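A.B. asks: Chains A and B supply the protein sequences, listed in that same order. If you read the first sequence in UniProt numbering, its first letter stands for residue 1, the second for the next number, and so on. If you read the second sequence in UniProt numbering, its first letter stands for residue 1, the second for the next number, and so on.
Treat the hints as calculated values from the structure; they're not laboratory data. One or more hints might be untrue.
To be verified - Taking lysine-lysine pairs in the DSS-like style, the calculated list, with each CA pair at most 25 angstroms apart, reads:
| # | chain 1 | residue 1 | chain 2 | residue 2 |
| --- | --- | --- | --- | --- |
| 1 | B | K22 | B | K123 |
| 2 | B | K123 | B | K146 |
| 3 | A | K123 | A | K21 |
| 4 | A | K146 | B | K282 |
| 5 | B | K123 | B | K21 |
| 6 | B | K21 | A | K282 |
Note that the structure is a prediction, hence the values are computed from the model and not measured.
There are 2 protein chains.
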Amino acid sequence: MTRRIRIGGAQMGAISRSDSKKEIVDRLIALLRQASEKGCELVVFPELALSTFFPRWYAERDGMDGYFEDGMPNAATLPLFEEARRLGIGFSLGYAELVQEDGRVRRFNTTVLVERNGEIVGKYRKIHLPGHAEYEPERSHQHLEKRYFEVGNTGFQVWDAFGGRVGMAICNDRRWVETYRVMGLQDVELILIGYNTPVADSLSGESETLRMFHNHLTMQAGAYQNSTWVVGVAKAGVEDGHRLMGGSVIVAPTGEIVAQAMTEGDELIVADCDLDRCRYYKSHIFNFAAHRRPEFYQRITSQTGVE
Amino acid sequence: MTRRIRIGGAQMGAISRSDSKKEIVDRLIALLRQASEKGCELVVFPELALSTFFPRWYAERDGMDGYFEDGMPNAATLPLFEEARRLGIGFSLGYAELVQEDGRVRRFNTTVLVERNGEIVGKYRKIHLPGHAEYEPERSHQHLEKRYFEVGNTGFQVWDAFGGRVGMAICNDRRWVETYRVMGLQDVELILIGYNTPVADSLSGESETLRMFHNHLTMQAGAYQNSTWVVGVAKAGVEDGHRLMGGSVIVAPTGEIVAQAMTEGDELIVADCDLDRCRYYKSHIFNFAAHRRPEFYQRITSQTGVE
Numbered sequence: 001m002t003r004r005i006r007i008g009g010a011q012m013g014a015i016s017r018s019d020s021k022k023e024i025v026d027r028l029i030a031l032l033r034q035a036s037e038k039g040c041e042l043v044v045f046p047e048l049a050l051s052t053f054f055p056r057w058y059a060e061r062d063g064m065d066g067y068f069e070d071g072m073p074n075a076a077t078l079p080l081f082e083e084a085r086r087l088g089i090g091f092s093l094g095y096a097e098l099v100q101e102d103g104r105v106r107r108f109n110t111t112v113l114v115e116r117n118g119e120i121v122g123k124y125r126k127i128h129l130p131g132h133a134e135y136e137p138e139r140s141h142q143h144l145e146k147r148y149f150e151v152g153n154t155g156f157q158v159w160d161a162f163g164g165r166v167g168m169a170i171c172n173d174r175r176w177v178e179t180y181r182v183m184g185l186q187d188v189e190l191i192l193i194g195y196n197t198p199v200a201d202s203l204s205g206e207s208e209t210l211r212m213f214h215n216h217l218t219m220q221a222g223a224y225q226n227s228t229w230v231v232g233v234a235k236a237g238v239e240d241g242h243r244l245m246g247g248s249v250i251v252a253p254t255g256e257i258v259a260q261a262m263t264e265g266d267e268l269i270v271a272d273c274d275l276d277r278c279r280y281y282k283s284h285i286f287n288f289a290a291h292r293r294p295e296f297y298q299r300i301t302s303q304t305g306v307e
Numbered sequence: 001m002t003r004r005i006r007i008g009g010a011q012m013g014a015i016s017r018s019d020s021k022k023e024i025v026d027r028l029i030a031l032l033r034q035a036s037e038k039g040c041e042l043v044v045f046p047e048l049a050l051s052t053f054f055p056r057w058y059a060e061r062d063g064m065d066g067y068f069e070d071g072m073p074n075a076a077t078l079p080l081f082e083e084a085r086r087l088g089i090g091f092s093l094g095y096a097e098l099v100q101e102d103g104r105v106r107r108f109n110t111t112v113l114v115e116r117n118g119e120i121v122g123k124y125r126k127i128h129l130p131g132h133a134e135y136e137p138e139r140s141h142q143h144l145e146k147r148y149f150e151v152g153n154t155g156f157q158v159w160d161a162f163g164g165r166v167g168m169a170i171c172n173d174r175r176w177v178e179t180y181r182v183m184g185l186q187d188v189e190l191i192l193i194g195y196n197t198p199v200a201d202s203l204s205g206e207s208e209t210l211r212m213f214h215n216h217l218t219m220q221a222g223a224y225q226n227s228t229w230v231v232g233v234a235k236a237g238v239e240d241g242h243r244l245m246g247g248s249v250i251v252a253p254t255g256e257i258v259a260q261a262m263t264e265g266d267e268l269i270v271a272d273c274d275l276d277r278c279r280y281y282k283s284h285i286f287n288f289a290a291h292r293r294p295e296f297y298q299r300i301t302s303q304t305g306v307e
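Please work from the sequences and hints to get the whole structure.
C.D. replies: See below:
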């Protein structure tokens, strides 16, 4: 018996700060219905799929609270949850999360995993926040995730869902080898990643081509080196004057890209992902128990920066 | 002031079990002289550059001792060391090492780093030994590194050499994210890797194309994710009836391949490697001190296999 699951990567085009929540959720529902027509059982939406990428602007730390969700589902997103349950499709959805926790207001960059029955079965809060916390005048645009979000406190968990072992990560997490490895050590078979990544980095001067290469390189290596499927889904296009890269992909455990978006707009990519394809690599070349040597890896957990 | 070093990757074609040590060392010297003519300051030779890849055959554990070196330099390799010192070129060289240590005979898959003055400044013994320790009849060829070698006991060190921070790894090490990361945490700027990799894997049935893709994918990701140059050099070609892949490369800290071998024979590839090119990534996107979160990485060192 194969464990084949048809997955849709629901890339989104730009979301303007003037778009209403209803307009945004209607777009998510339209993508969900497309996925249903194509027989998908799971749809992956991007990071911060309910708003523009607001960390590009400087404000007070609570000045962006209007872009945050204080419950999930809430009134605005309930139609999405209900339609997904009606269609029998699960999904992952990224959003800015405002929560009362430990006696104070906390803000996270969050993704939830929703099973086909509409139940939230997993929540991940972004750990590798990129950018900076204060205004940096030398940048053409800001990247203030370290200002508006706290470092996530969920760890990299893996859930039994959709007939397999499913993990999640968000945007910059995909560049870090530890993200994939911590999940690989929990036998992950499918990692869902949403991202919002500017086409330009005003400090590096890297070309668009190089930045797209890095986007794919890190997900392909993460998939191969941990014998797992990876689904990476962008919010893309020109958002309030700032262009985000597309390039959403579904990557097999071989590291090969088996589906890829061709636009910077709302676009569904689809692949049949056989979770049993992970087995060969997990039991041979990447048989961790047979080959790993943690006694020589201690620096990875005993130090943070270069020493 | 830039820290630019011209590096040669000295890919070797096949070495037959009937080749004499003198014939082999003469080929190494010929490659060294080519590198000198092209202005190289450092030449990278493959893994097990002094013999055929003998772990493909089954024998008693000491039955391959004839392929091992019991000193470095020794009578056979001294001409290489002397010519390199005369030319003012440093090199790294992989070989099977037989040593009396801890009161017993020990065998390692080893690489030494030799400075331009002929002095051995670093030694690395392979940690990630692939394959198996006993005969496996279902394989078209054996891969008995776990039989003939012990796991290396040097750790992944980084040396001040050639004006930068230099580390080494061997063959299968390049597929493991921990290899690069442990050196990255020591501010590595240049990683030298030799390999002997069969074109075919009789168990996986992977295509040559896919296997070459994996060869490059892991080194490119390792370079980018740790902001370091990587030089990967093959022993290639049909060796005693078994074909080894070529594809030797020099990879920039951007993950881009800047030089690549085109043959499966003795072939020198050359690139000018500016070690200061590592700085931008090390201080921004891969600023470990700013972005890493070891509190969530504990599984990487606390467990070996999947749990």
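A.B. asks: Give a verdict on every hint.
C.D. replies: Going down the list of hints, with the structure as the test:
1. B:K22 <-> B:K123: 23 angstroms, holds
2. B:K123 <-> B:K146: 20 angstroms, holds
3. A:K123 <-> A:K21: 22 angstroms, holds
4. A:K146 <-> B:K282: Holds. K146 of chain A to K282 of chain B sits at ~18 angstroms (cutoff 25 angstroms).
5. B:K123 <-> B:K21: 21 angstroms, holds
6. B:K21 <-> A:K282: Given that 25 angstroms is the threshold and the Cα spacing comes to 39 angstroms, the pair is violated.
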